[in-house]
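The lines below spell out each chain.
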Amino acid sequence: MEKKTLLTIKDLQLEGRSGNAWHPIIKGVDLTLHKGEVLGLIGESGAGKSTLGLAAMGFARDGCRISGGTIDFDGIDLRTAPESLRRGLRGKRIAYVAQSAAASFNPAHRLINQYCESPVVHGVMAREKAEADAVELYGRMRLPNPDEIGFRYPHQVSGGQLQRAMTAMAMACRPDLIIFDEPTTALDVTTQIEVLAAIRDIVRQFGTAAIYITHDLAVVAQMADRIKVLLRGDEVEDADTRSMLTAPREEYTKSLWAVRSFARAEQPTATGTPVVSVRSVTAGYGALDVLKDVSFDIHARRTVAVVGESGSGKSTTARVITGLLPQRNGQVLFNGNPLPPSFKARSRNELRQCQMIYQMADTALNPKLRLRELIGRPAEMYLGLKGKALEARIRDLLALIELEPDRYIDRLPSELSGGQKQRIGIARALAAEPQLIICDEVTSALDQIVQEGILKLLDRLQGELNLAYMFITHDLATVKSIADEVVVMQQGVVVERGPKAAIFADPKEDYTNLLLSSVPEMDPDWLNRLLVKRSAKAQEP
Amino acid sequence: MTEIWRMISQRLLLGVLTLFIISVVIFGATELLPGDLARELLGQSATPETLAALREQLGLNESAPVRYWNWLTGVMQGDFGMSMATKMPISELVGTRLGNTLFLAFYAAALAVPFSLLLGVLAALWRNSIFDRASNALALTAISFPEFFVAYILILWLSQSGLFPSMVRITDTTSMGERLYMAFLPALTLTLVVTAHMMRMTRAAIINLLASPYIEMARLKGMSPMRVVLRHAVPNALSPIINVVALNLAYLITGVVVVEVVFVYPGLGQLMIDAVSNRDIAVVQAIALIFAAAYVLLNLLADVLSTITNPRLMHRK
Chain A
1 MEKKTLLTIK DLQLEGRSGN AWHPIIKGVD LTLHKGEVLG LIGESGAGKS
51 TLGLAAMGFA RDGCRISGGT IDFDGIDLRT APESLRRGLR GKRIAYVAQS
101 AAASFNPAHR LINQYCESPV VHGVMAREKA EADAVELYGR MRLPNPDEIG
151 FRYPHQVSGG QLQRAMTAMA MACRPDLIIF DEPTTALDVT TQIEVLAAIR
201 DIVRQFGTAA IYITHDLAVV AQMADRIKVL LRGDEVEDAD TRSMLTAPRE
251 EYTKSLWAVR SFARAEQPTA TGTPVVSVRS VTAGYGALDV LKDVSFDIHA
301 RRTVAVVGES GSGKSTTARV ITGLLPQRNG QVLFNGNPLP PSFKARSRNE
351 LRQCQMIYQM ADTALNPKLR LRELIGRPAE MYLGLKGKAL EARIRDLLAL
401 IELEPDRYID RLPSELSGGQ KQRIGIARAL AAEPQLIICD EVTSALDQIV
451 QEGILKLLDR LQGELNLAYM FITHDLATVK SIADEVVVMQ QGVVVERGPK
501 AAIFADPKED YTNLLLSSVP EMDPDWLNRL LVKRSAKAQE P
Chain B
1001 MTEIWRMISQ RLLLGVLTLF IISVVIFGAT ELLPGDLARE LLGQSATPET
1051 LAALREQLGL NESAPVRYWN WLTGVMQGDF GMSMATKMPI SELVGTRLGN
1101 TLFLAFYAAA LAVPFSLLLG VLAALWRNSI FDRASNALAL TAISFPEFFV
1151 AYILILWLSQ SGLFPSMVRI TDTTSMGERL YMAFLPALTL TLVVTAHMMR
1201 MTRAAIINLL ASPYIEMARL KGMSPMRVVL RHAVPNALSP IINVVALNLA
1251 YLITGVVVVE VVFVYPGLGQ LMIDAVSNRD IAVVQAIALI FAAAYVLLNL
1301 LADVLSTITN PRLMHRK
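Top to bottom, those sequences are chains A and B.
This note's numbering numbers the first residue of the first sequence as 1 and each following residue consecutively.
This note's numbering numbers the first residue of the second sequence as 1001 and each following residue consecutively.
Because the hints were derived from the structure by calculation, they are not lab data.
FRET-style restraints, in silico, Cβ to Cβ:
1) A:E128 with B:M1314: 22 to 30 Å
2) B:M1314 with A:D11: 49 to 57 Å
3) B:L1017 with A:F151: 36 to 44 Å
4) A:L324 with B:Q1010: 25 to 33 Å
5) B:L1180 with A:D362: 51 to 59 Å
6) A:P367 with B:G1099: 48 to 56 Å
7) B:M1314 with A:D147: 16 to 24 Å
8) B:G1099 with A:G311: 54 to 62 Å
Chain A is nowhere near these chain B residues, computed Cβ spacing over 12 Å in every case:
9) R1067
10) G1099
11) I1130
12) L1158
Ideal Cβ placement from N, Cα and C applies to all residues, glycine included.
Extracted from the complex, chain A is given alone in its bound form (with noise of 0.2 Å):
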């Protein structure tokens, strides 16, 4: 049966301007889209999959420009028509859903009236239809109070729940075809799940067309029935999704689908005085305890993966940890001795053993600085470093890091790419010459090829320098490679804990179940497995 076509763009140019010079960000890309068919795009972040995106809404963010080929929605061609009437099909018959809808929603103005905007203002229904009509699709997007969630601002409801609503105002003037951007890479994975089964049934509903943009394999495997992959611009191999998970063609699909294999080896019980010891740690703000009674121990060479949901206190142990938030009750013991609460109650030597690699290298790194300074200054602060021996050291760890020290050292965080941000992340901390190194989401901003590369990186590390990591992350696919042991939080207490293997093969908590079940496989149908299961077991007496 030949669906009848919606969309179709063939030989697509768009060029971006950096100063004078227009250097190509889409190279020829042809695309086809059938009535009601859902296109998964996938790619490492800088390869064009957004920019399609908007291109297929005849939209080009500022500083780009569309250069050349056609895309051609339902016999108007997008790229020549007058933007009055480009923008007369946005929002109307081709509708858009943000990565962060937390940014993406206007703070100044309630829910309901940012769903009524597109329908009232394209004539497509009254103020009053169209508030009924959201209180309706709040409900089958299965927003808690559908009657009474539209009246809060954005700030007051969560980041799935925004993300549902987004979805929701995408719908609201029933389109042909939905671009979602991402929709749930900000989300934590149990809340994913609720995202895309509630995107994917009313999508199916209304029978609308959508493009799926995506990094991650296993989510666009649950969503699309097809998929285009692309690099750098362009396009590498196209087929249906049963097809493209079981058989790629090409050498970089199957590299896409083999970076999940790096697993570290299997590491002994470590024994001996641990080099951090959390004992029953109560931290808080204000009023409130983040932390209730949380206790685990690090050891020298292992690495502990702590996970959890936003909000679950991960970062607020690693801020107890490093004196940022004194404790109220409890002690952590750094190679046995106790560590003054407050880090300015702290040596200098103490401070020196414990580092931090933060989750956006991008905010974290001063851009002002050159990497000599960066990676230096805490070789100088710390051990006291001059002249030449200063300039070998930061040699020495530009090395180690595997950045070429003659064609780094003097560029700055601009010149430089996320992964390589995140290694000079990394270099600093060894500056210091630590035995404990917190990393804190340092993979979460990352395409999946550079994770790996600098999950090895890490783990090459931690044997040559005697490291002892503290991961925190909220992806499992991350703890499944490179953590020893594994400990789970949930609401500021220490869920379980114990070593990978046992806590991946044998969960004792529900908590720990749902956390692990909850993490999308490459597996088409999943989603539906896990759906089905789980209500089974939610209509158990």
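On the provided structure of chain A, position chain B as indicated by the hints.
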């Protein structure tokens, strides 16, 4: 709502404290001025006996803290003392002048605020266009000239030809229409002086937001550029705009000295100049305190308005 009232009362208390500190500074500063009030009043030919008698009568022989206390308690009861030069109660002297100054300030604000906000929004909407560049260039030109120069240029163009009067004579019987007509040139001068700040801040605050994801979202919902700016950018840019407007309003009340002198406008600024040259210290103190109060009150108003227009502060989780 109770939180708003709590915030307002907190800020009011802080404002009173600020005014108290300012009153100390003002009193201290006038103490440092050289010269002797009694000699100033009586002239060079005064005998030591009359000088001493006058000092006694004015309370000048008391210590500074005592005189400060007497002054402050008077001020709090609305009694600013007597003007030495005119022998009139200061509150009476200042009262009508304050009304005139406020009239001119609100007149100028009524012209300048809508004009510069409109200009700022349009400049943001058509950024980097000829309109944007031209309005920026003109606003900057206007602010770069000294106020008296702008005033004289306006007199040359609009007064020499007989369109508007270059001197303002306001009495109790002057009608509203006449007042507006006579005060047009000073109001226009002030408008030209304050427009650049407000317009450029409005433009910058809006443009700053145009890269936000929610602005892109509005564009992808098919909203027109005008609607994107007015409905999606402006509500989020209100806080900086309100603050710059408040600062300029305060300037319109306190910074009009030069303009009042040029147009012979009977306002506080002129009174202050006269008082300084007559060494009429009590009048200077009173006016300085009024100016300080204007700043404190307008900033308080700006804070409250910024809070009310921010849903994140008005509607907690």
